[in-house]
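Engineer: One letter stands for each residue in the lines below.
There are 2 protein chains.
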Amino acid sequence: MIGPVESQSVAAMKGLFDTNFFGLVRLVREIFPDMKRRRRGHIVVMSSVLGLQGLIFNDIYSASKFAVEGFCESLALQALKFGVNISLIEPGPVVTEFERKLYEEAASMDLSAVDQETLDIFQGFYMAYSKDVFMVLGQSPDEVAEHTAKVIMVEKPPFRYQTNSLYTPMTTLKHADPTGNLPLNAFHQMVFQHDRLFKASLSLLKMLQWRKRRDVSYNKSP
Amino acid sequence: MIGPVESQSVAAMKGLFDTNFFGLVRLVREIFPDMKRRRRGHIVVMSSVLGLQGLIFNDIYSASKFAVEGFCESLALQALKFGVNISLIEPGPVVTEFERKLYEEAASMDLSAVDQETLDIFQGFYMAYSKDVFMVLGQSPDEVAEHTAKVIMVEKPPFRYQTNSLYTPMTTLKHADPTGNLPLNAFHQMVFQHDRLFKASLSLLKMLQWRKRRDVSYNKSP
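Those protein sequence lines, which keep their order, are chains F and H. Going left to right, the first sequence walks through residues 1 to 222 as this note's numbering numbers them. Going left to right, the second sequence walks through residues 1 to 222 as this note's numbering numbers them.
Just so you know, these hints were derived from the structure itself, not from any lab. Treat the hints loosely; a few may be bogus.
Any copy, or any two copies together, can satisfy a pair, since identical chains are not distinguished.
[As the list claims (entries may be wrong)] The calculated lysine-lysine pairs, modelled on BS3-like cross-linking and capped at a C-alpha distance of 30 angstroms, are:
id: 1; residue 1: Lys81; residue 2: Lys14
id: 2; residue 1: Lys81; residue 2: Lys150
id: 3; residue 1: Lys101; residue 2: Lys131
id: 4; residue 1: Lys81; residue 2: Lys101
id: 5; residue 1: Lys14; residue 2: Lys131
id: 6; residue 1: Lys199; residue 2: Lys81
In isolation and in its complexed conformation, chain F is listed as follows:
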């Protein structure tokens, strides 16, 4: 669910929360009591970097993943008392059919309630860059699954685990300033004032990623 908040119905928002948040809550209520009884268990939850750091035009999706984080953080201390672990997997962009469908939906959504300037930012700017970001930073579902398997197998599982190291600088900015102004102003400058630099950085990252992947495949078949 992406797009300006003015164009989205509250019913659709509630539908998203029903899946992303209340779906998790319902499942946890079913399995947690048994895990506590056995004093063993590991609840591995698919969260997102958007549960750590908001993103323009992802207001409701990000809010649903923040809710997942708050729920798990609150539950984790009680769980630990019973020897039960909770882990949050936080992928960045993942290249799947789901993502492609999202873009198709965004292209055909009803934006009649949205002012022209917001529309220009959303369509001419966000949608254009978003595809670049996906191409450069996007992971395959297999990569995310490998990271998740690692978290499941490790003896002392981390509470939080980001699968995409290229995304870490964005969440680090947030931790550096409790007023929240540092990341906000940094993103604002990066996106709206230095957009050429932003585009250049993406190209550089793209090249580095391409070399890294080439090196990895060389190593795999020496």
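Using the hints provided, position chain H relative to the given structure of chain F.
Structural biologist: Chain H in isolation, oriented as in the chain F frame:
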């Protein structure tokens, strides 16, 4: 809404989200387009420290405040582009009738689905300490209002503003470790292993707070 997640109905959880989260979303959708048109405005949102850091037996309340934070963080960058500010006020415990009612409800809630050990932690431990924490760390609604007025009046409003400086160490711990294990283990030890030390710290804080308030009232009427 406090208590073990096993004892709460999904309908009640959705009711809480309808007020705390979707209430805000509905309001923002009404006022934001006009503010963008005028290229002026300041949306001041009542969040909570529980939007930054989860708390045992506050799973759903905390999740709803996390959702508020994620929503506002996502919207803030778009708002800034139009010269509109968003600020999140994050109080710690506030001593009000609402809080007292919450405790009354907790005392009479249906806990039949909850195992004995969880009950012991909730009733014998959480509820007992919670009242102490409120007495020691609790602010008056007037104090929170004064802080909020300051955020409204200041020329460059902060995105986040915590009203209660005594609560800051809890949120700082979170920022210090991206895996989330540091705050989790620290709270676990503090609450379940060193509970005498925890109680002693509360008493010390209580004394310091009492002295501070006494000094403040001396200064007010010299």
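Engineer: If a hint holds in the structure, say so; if it doesn't, say that too.
Structural biologist: For each hint, the structure was consulted:
1. Taking identical chains as interchangeable, the C-alpha atoms of lysine 81 and lysine 14 lie at most 30 angstroms apart only when they sit on different chains, with a minimum of 28 angstroms there against 33 angstroms within one chain.
2. In this assembly of identical chains, lysine 81 and lysine 150 lie within 30 angstroms of each other by CA distance solely inside one copy; the values are 24 angstroms within and 41 angstroms between copies.
3. Within a single copy, lysine 101 and lysine 131 get their C-alpha atoms as close as 13 angstroms, which meets the 30 angstroms cut-off; across copies the closest is 50 angstroms, which misses it.
4. Taking the closest pair of Cα atoms, lysine 81 and lysine 101 come within 30 angstroms of each other only across two copies (28 angstroms); inside a single copy the shortest separation is 42 angstroms, beyond that limit.
5. With identical chains, the CA atoms of lysine 14 and lysine 131 are at most 30 angstroms apart within one copy only, with a shortest distance of 27 angstroms there and 34 angstroms across copies.
6. Taking the shortest alpha-carbon separations for lysine 199 and lysine 81, only the inter-copy value of 19 angstroms comes in at or below 30 angstroms, while the best intra-copy value is 48 angstroms.
When each numbered hint is compared with the structure, no violation occurs for any of them.
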